[in-house]
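S.K.: Okay, here's what each chain looks like letter by letter:
Protein chains: 2
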Amino acid sequence: MPGPGEFELIREYFSSRFQTEGQPNSGAQGYANQSVVLGIGDDCALLNPPTGKILATSVDTLVADVHFPASADPFRIGSRALRVNLSDLAAMNAEPLWFTLALTLPESSPDWLEPFARGLAATAHAYGITLIGGDTTKGPLSITIQVTGACDAPLRRDGASAGDRIFVSNTLGAGAAALPIVLGEIDGSLAQQQQQQQQSEAAYYFPEPQFAVARAIGEYASAALDISDGLLGDLGHICEASGLGAELDLERLPIAPLAQSVKGERALETALTGGDDYQLCFTIPEQHLSALGALQLPITAIGRMTAESGVRCRLHGVGWQPSGTSFQHF
Amino acid sequence: MPGPGEFELIREYFSSRFQTEGQPNSGAQGYANQSVVLGIGDDCALLNPPTGKILATSVDTLVADVHFPASADPFRIGSRALRVNLSDLAAMNAEPLWFTLALTLPESSPDWLEPFARGLAATAHAYGITLIGGDTTKGPLSITIQVTGACDAPLRRDGASAGDRIFVSNTLGAGAAALPIVLGEIDGSLAQQQQQQQQSEAAYYFPEPQFAVARAIGEYASAALDISDGLLGDLGHICEASGLGAELDLERLPIAPLAQSVKGERALETALTGGDDYQLCFTIPEQHLSALGALQLPITAIGRMTAESGVRCRLHGVGWQPSGTSFQHF
Chain A
273 MPGPGEFELI REYFSSRFQT EGQPNSGAQG YANQSVVLGI GDDCALLNPP
323 TGKILATSVD TLVADVHFPA SADPFRIGSR ALRVNLSDLA AMNAEPLWFT
373 LALTLPESSP DWLEPFARGL AATAHAYGIT LIGGDTTKGP LSITIQVTGA
423 CDAPLRRDGA SAGDRIFVSN TLGAGAAALP IVLGEIDGSL AQQQQQQQQS
473 EAAYYFPEPQ FAVARAIGEY ASAALDISDG LLGDLGHICE ASGLGAELDL
523 ERLPIAPLAQ SVKGERALET ALTGGDDYQL CFTIPEQHLS ALGALQLPIT
573 AIGRMTAESG VRCRLHGVGW QPSGTSFQHF
Chain B
273 MPGPGEFELI REYFSSRFQT EGQPNSGAQG YANQSVVLGI GDDCALLNPP
323 TGKILATSVD TLVADVHFPA SADPFRIGSR ALRVNLSDLA AMNAEPLWFT
373 LALTLPESSP DWLEPFARGL AATAHAYGIT LIGGDTTKGP LSITIQVTGA
423 CDAPLRRDGA SAGDRIFVSN TLGAGAAALP IVLGEIDGSL AQQQQQQQQS
473 EAAYYFPEPQ FAVARAIGEY ASAALDISDG LLGDLGHICE ASGLGAELDL
523 ERLPIAPLAQ SVKGERALET ALTGGDDYQL CFTIPEQHLS ALGALQLPIT
573 AIGRMTAESG VRCRLHGVGW QPSGTSFQHF
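In the order they appear, the protein sequences are chains A and B.
The numbering used here puts the first sequence at residues 273 to 602.
The numbering used here puts the second sequence at residues 273 to 602.
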């Protein structure tokens with residue numbers, strides 16, 4: 273039996289679902305968002321952006337068997353695809369508004385589309401973002417999502433000064449520790465491994481965009497980004513954009529329990545260079561440290577920005593050189 | 273020799289090129305567009321949308337060997353990828369502002385990237401649109417572009433009334449006639465065929481977004497879209513969105529010379545059901561016909577909207593049924 277045609281597919285799995293459910297409140301045409309004038313179904317979506325705000329927009333592609341196993345649960349793929357994009361909005365301290373979905377599929381299969389759309393809708397609902405349009409094409413499985421949000425004072429990479437303290441949110445290394453387990457390269461048949469399996473799938477498919485931390489640090493931070501390619505590489509981007517360097521005290525690094533249980537002796541290196549954590553790395557000028565401390569946020573100071581360029585690592589005061597580097601696609 | 277890494281790739285072929293050339297004038301950071309606060313290089317691009325305008329946004333994916341031959345000249349692929357997206361802005365009567373590029377590549381090859389970026393930049397320059405960000409990933413060759421524009425009074429699909437006259441811009445059928453030649457399914461070794469080859473490559477890789485026609489009809493048209501999937505199917509979308517039907521007088525159809533020379537007796541059907549033309553189809557209320565006629569636009573009246581649903585075709589007054597239907601991906 274052939275799958276549904278392109279237009280029926282869009283209507284069945286996306287237009288109707290996203291207009292009637294998965295949204296916190298209703299705007300024009302049943303859409304969540306008052307800024308959406310016209311959603312799915314015309315040549316373009318039409319939008320009335322919030323007055324006086326700056327728009328922030330980011331696009332990410334997830335390719336099957338590069339960014340997720342092609343055989344993975346489509347619900348989880350839908351969740352991860354939107355969450356990794358939302359993380360970029362959080363990193364700018366932007367509130368989610370709307371997103372588009374460009375979906376390339378080898379075939380139009382309801383068995384895949386239904387749970388994928390459900391995973392996407394559940395995530396959109398949780399973060400208050402509205403699907404406004406997209407494109408479906410036939411080809412190797414690939415998902416491109418572009419998110420747009422609004423902000424008053426965006427957290428850019430280029431605002432750090434020498435002496436600013438460097439922080440990260442929550443813990444690091446879970447994403448990279450999860451990857452070989454999610455890919456099935458490590459067997460999950462024993463009891464301890466089953467627990468690792470569950471933790472890995474949660475870390476990999478349901479990363480939490482750090483909107484709450486971003487809002488809280490918004491008035492204090494001088495620079496910020498999300499750690500998608502590994503702390504060392506991403507902190508390097510803040511250094512480069514701000515024309516500075518950094519020194520890290522590695523004994524302070526908040527290592528994820530999953531990284532410790534899976535990676536053992538290499539947990540520190542995993543936390544330092546592994547990707548896929550989607551935690552925030554940000555810099556705070558000295559004078560804001562006490563005000564920030566009073567907020568009791570799940571954040572850890574791990575070093576400081578320096579006038580000297582390059583990122584230098586110390587472990588208990590001794591210079592330390594990682595064997596790996598951050599993830600690059602090519 | 274390995275190709276450049278991901279970050280070097282972005283810098284080399286996109287950030288630097290689009291900041292220093294291919295743009296009609298300079299704004300923030302050397303970008304064309306005053307609305308661009310921050311372009312390529314942070315978690316998000318930052319945008320200051322024009323006050324009092326509605327934003328129009330559209331996304332399209334081009335998959336290698338589905339939408340273009342993988343071996344095609346990368347300059348031409350870059351041209352087509354942006355032009356088909358710009359056509360969606362033109363169809364809403366929106367002026368181009370900015371776009372993103374999500375590029376999936378099997379390998380990071382300067383021989384491919386350099387001409388691709390050049391084709392993209394030349395097109396961006398010609399239409400005054402600014403590259404603000406994107407994503408590069410490793411995988412099967414695929415190009416997803418999202419364009420955003422601004423408009424005062426968008427041309428939607430759902431505004432037609434029964435009795436409105438149906439028009440198309442320029443000629444139809446060239447895109448569909450070009451396809452087998454572009455794909456190399458028809459040999460171009462003879463003199464007549466060489467001419468067809470040149471015309472086909474121009475039609476396929478350099479379609480002209482109809483901004484000038486859209487601007488001219490903006491105050492008169494009740495509905496509009498661009499013909500990407502074939503006139504019959506796309507007119508069906510206006511009918512469905514407006515809750516109406518249509519009747520077409522096929523002898524009025526402006527058939528592209530290329531469709532006539534390549535398709536012969538099937539030229540009419542090609543013009544009616546073939547895709548990839550990116551001409552406008554729009555509806556004009558009776559009372560605006562004389563004002564529109566005075567503008568001497570390259571447009572042709574081909575029928576009228578009806579209260580009765582469905583699209584009915586007549587050829588010299590006799591009912592006519594095409595054997596094919598519009599293109600669908602699945």
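Do not take every clue at face value.
[Stated by the list, open to error] Simulated coverage check for chain B against chain A, where a stretch passes if three residues somewhere in it have a Cβ under 8 angstroms from a Cβ of chain A:
1) 363-371
2) 557-563
3) 567-581
[Stated by the list, open to error] Pairs of lysine to any residue residues, derived as SDA-like cross-links and limited to a Cα-Cα distance of at most 25 angstroms, are as follows:
4) A:410 - B:466
5) B:535 - B:466
6) A:410 - B:456
In case anyone wonders, no lab produced these hints; they're calculated from the structure.
C-beta atoms are modelled at their ideal positions from N, C-alpha and C, and glycine is treated no differently.
S.K.: State for each hint whether it applies.
M.R.: Each hint, compared with the structure:
no. : hint          : in the structure
1   : 363-371       : holds (count 3)
2   : 557-563       : violated (count 0)
3   : 567-581       : violated (count 0)
4   : A:410 - B:466 : violated, 31 angstroms
5   : B:535 - B:466 : holds, 16 angstroms
6   : A:410 - B:456 : holds, 21 angstroms
Of the numbered hints stated above, those contradicted by the structure are hints 2, 3 and 4, listed in ascending order.
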